[in-house]
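2 protein chains.
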Amino acid sequence: VCLSKGEENINRRRALLVSIGIVVTTILSLVTAARRHGAMLDSESAGRGLDQLRLSCPNVPARPPYAEKARRARWMVHTLEWGVLSSISTRLSGDAPVPFGNIYSFSDGPCDASSGVPYMFASDLDQSMKDIKENSMVSLTLSEAELSGPLLPDECVVGGQKGYGDPENPPCARLVLTGEFLKLSPPSDDSSEHGDKKEWEFAHQALAKRHPSMAKMPANHKPFIGKILLRDIWFIDMYGGATIIDLDEYYAASPSDEGVGDDEESV
Amino acid sequence: VCLSKGEENINRRRALLVSIGIVVTTILSLVTAARRHGAMLDSESAGRGLDQLRLSCPNVPARPPYAEKARRARWMVHTLEWGVLSSISTRLSGDAPVPFGNIYSFSDGPCDASSGVPYMFASDLDQSMKDIKENSMVSLTLSEAELSGPLLPDECVVGGQKGYGDPENPPCARLVLTGEFLKLSPPSDDSSEHGDKKEWEFAHQALAKRHPSMAKMPANHKPFIGKILLRDIWFIDMYGGATIIDLDEYYAASPSDEGVGDDEESV
Chain A
1 VCLSKGEENI NRRRALLVSI GIVVTTILSL VTAARRHGAM LDSESAGRGL
51 DQLRLSCPNV PARPPYAEKA RRARWMVHTL EWGVLSSIST RLSGDAPVPF
101 GNIYSFSDGP CDASSGVPYM FASDLDQSMK DIKENSMVSL TLSEAELSGP
151 LLPDECVVGG QKGYGDPENP PCARLVLTGE FLKLSPPSDD SSEHGDKKEW
201 EFAHQALAKR HPSMAKMPAN HKPFIGKILL RDIWFIDMYG GATIIDLDEY
251 YAASPSDEGV GDDEESV
Chain G
1 VCLSKGEENI NRRRALLVSI GIVVTTILSL VTAARRHGAM LDSESAGRGL
51 DQLRLSCPNV PARPPYAEKA RRARWMVHTL EWGVLSSIST RLSGDAPVPF
101 GNIYSFSDGP CDASSGVPYM FASDLDQSMK DIKENSMVSL TLSEAELSGP
151 LLPDECVVGG QKGYGDPENP PCARLVLTGE FLKLSPPSDD SSEHGDKKEW
201 EFAHQALAKR HPSMAKMPAN HKPFIGKILL RDIWFIDMYG GATIIDLDEY
251 YAASPSDEGV GDDEESV
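Residue numbers (the UniProt record's numbering), protein chains in the order written: chain A, 1 to 267; chain G, 1 to 267.
Do not take every clue at face value.
Think about it this way: if two alpha-carbon atoms lie no more than 30 Å apart in a straight line, the pair counts; the simulated DSS-like pairs of lysine-lysine are [to be verified]: (1) Lys-198/A - Lys-133/A; (2) Lys-216/G - Lys-162/A; (3) Lys-222/G - Lys-162/A.
Derived from the structure by calculation, the hints contain no laboratory data. Since we're looking at a predicted model, the values are computed, not measured.
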């Protein structure tokens with residue numbers, strides 16, 4: 001078979017166009033596959049997933065394994081953003097006490113500093129705060145099922161974990177912090193001591209950074225900062241029943257391997 | 001330029017391989033791009049998003065607007081899969097009652113049938129069930145912040161809704177159902193009446209379809225089905241404080257425009 005110079009050139013151009021086509025489609029498919037992989041990362045390796053932007057901290061330390069219960073509890077308190085604050089209802093009281101669970105955003109510190117203490121913006125207009133005036137004992141309940149996108153553990157997803165996944169599945173960890181709800185004295189309060197002022201500043205930063213819209217609560221709501229003085233930590237992250245986590249062990253633990261804030265790059 | 005028959009065949013084979021390569025990479029990149037697009041749908045248009053598979057029902061009716069409070073409450077009870085069941089603690093009782101909030105999966109019906117009644121699998125081994133033996137009043141607390149992926153409303157996302165988004169932001173709806181926790185009599189119970197048997201069958205189907213792993217609870221846990229006999233519905237889905245939803249209005253409402261189950265195609 002003989003080709004003229006012109007035919008040879010056309011063949012060369014075709015080959016060139018085909019090569020460019022292959023390179024472009026290969027790059028496209030690699031990029032989309034990589035991005036898709038990023039969005040599908042499992043909870044263990046999810047460091048930079050796309051949906052992670054749905055949390056107020058851009059980088060979240062890896063979830064500690066179930067054997068390290070105090071650390072896992074600290075991870076939940078530092079990573080999760082809201083929980084159910086249960087109080088004894090004053091609105092529905094009858095012969096016997098009636099519980100009332102309400103949604104509260106909280107923060108135990110800015111992204112790079114975890115205290116383990118749940119702080120909350122609150123207002124006396126809210127039903128829960130009316131309740132705690134009568135009885136200040138509350139519980140704050142958290143579940144890993146609250147996580148969204150690639151951070152949501154397969155254990156918490158119905159049908160996940162080979163069919164065993166469910167928000168009520170014990171390996172989808174749940175944490176119940178019980179204690180006394182206390183108002184923090186604002187620095188403007190004359191009776192406020194130095195230590196109180198430092199705690200208020202930390203708590204205010206913790207909340208303003210991670211719940212900025214709550215910091216915009218109207219002044220006529222008379223917003224204040226509250227915290228839970230923990231008395232009891234009830235925790236399930238595996239089959240076999242609940243664990244009561246020792247308070248000292250809880251406060252000594254760190255949500256991440258290296259400690260949050262020690263090395264921002266490493267978390 | 002002259003080519004031998006052999007060279008021509010090699011060229012043809014090359015061209016064929018190249019064509020197949022282009023077709024395969026194009027299909028791959030289109031598929032991954034389409035899937036990725038599915039995962040990125042915003043909450044308003046999310047009808048068939050990939051992440052929606054994280055809910056046990058493949059199709060979810062559109063979220064009713066805030067003005068339709070009974071319908072929005074019914075939508076939350078039918079769409080959400082878990083909540084916090086608060087009881088009066090027997091483990092931590094002191095001078096004054098102490099609340100205890102625990103994670104419970106629930107279902108008000110299979111995907112195509114909503115009853116508005118929260119049913120739950122439970123076991124007397126669980127702390128909450130020990131509590132309700134002493135005081136059966138409970139609250140079940142739900143938040144739209146529980147939704148994942150494209151269904152998670154922007155109002156619930158920190159930094160969403162032009163900076164006002166937060167799980168505690170009132171337009172991120174929250175619902176507190178309060179009432180008496182009751183065990184359903186299983187059909188094997190001789191004293192069980194016809195109506196009881198029908199309700200048990202409905203509740204069992206509601207739970208087994210939407211929480212299949214809970215239906216596998218070991219027999220030695222003596223699982224049973226419980227429900228909350230609703231007495232009070234406290235609801236916030238907008239600024240301006242809570243609404244108490246009338247029980248009759250709640251039961252008369254439907255989670256979707258057309259009523260779930262009336263027309264499966266339309267939801």
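Here is how each hint holds up against the structure:
no. : hint                  : verdict
1   : Lys-198/A - Lys-133/A : 25 Å, holds
2   : Lys-216/G - Lys-162/A : 13 Å, holds
3   : Lys-222/G - Lys-162/A : 24 Å, holds
Against the hints set out earlier in the document, no violation occurs for any number.
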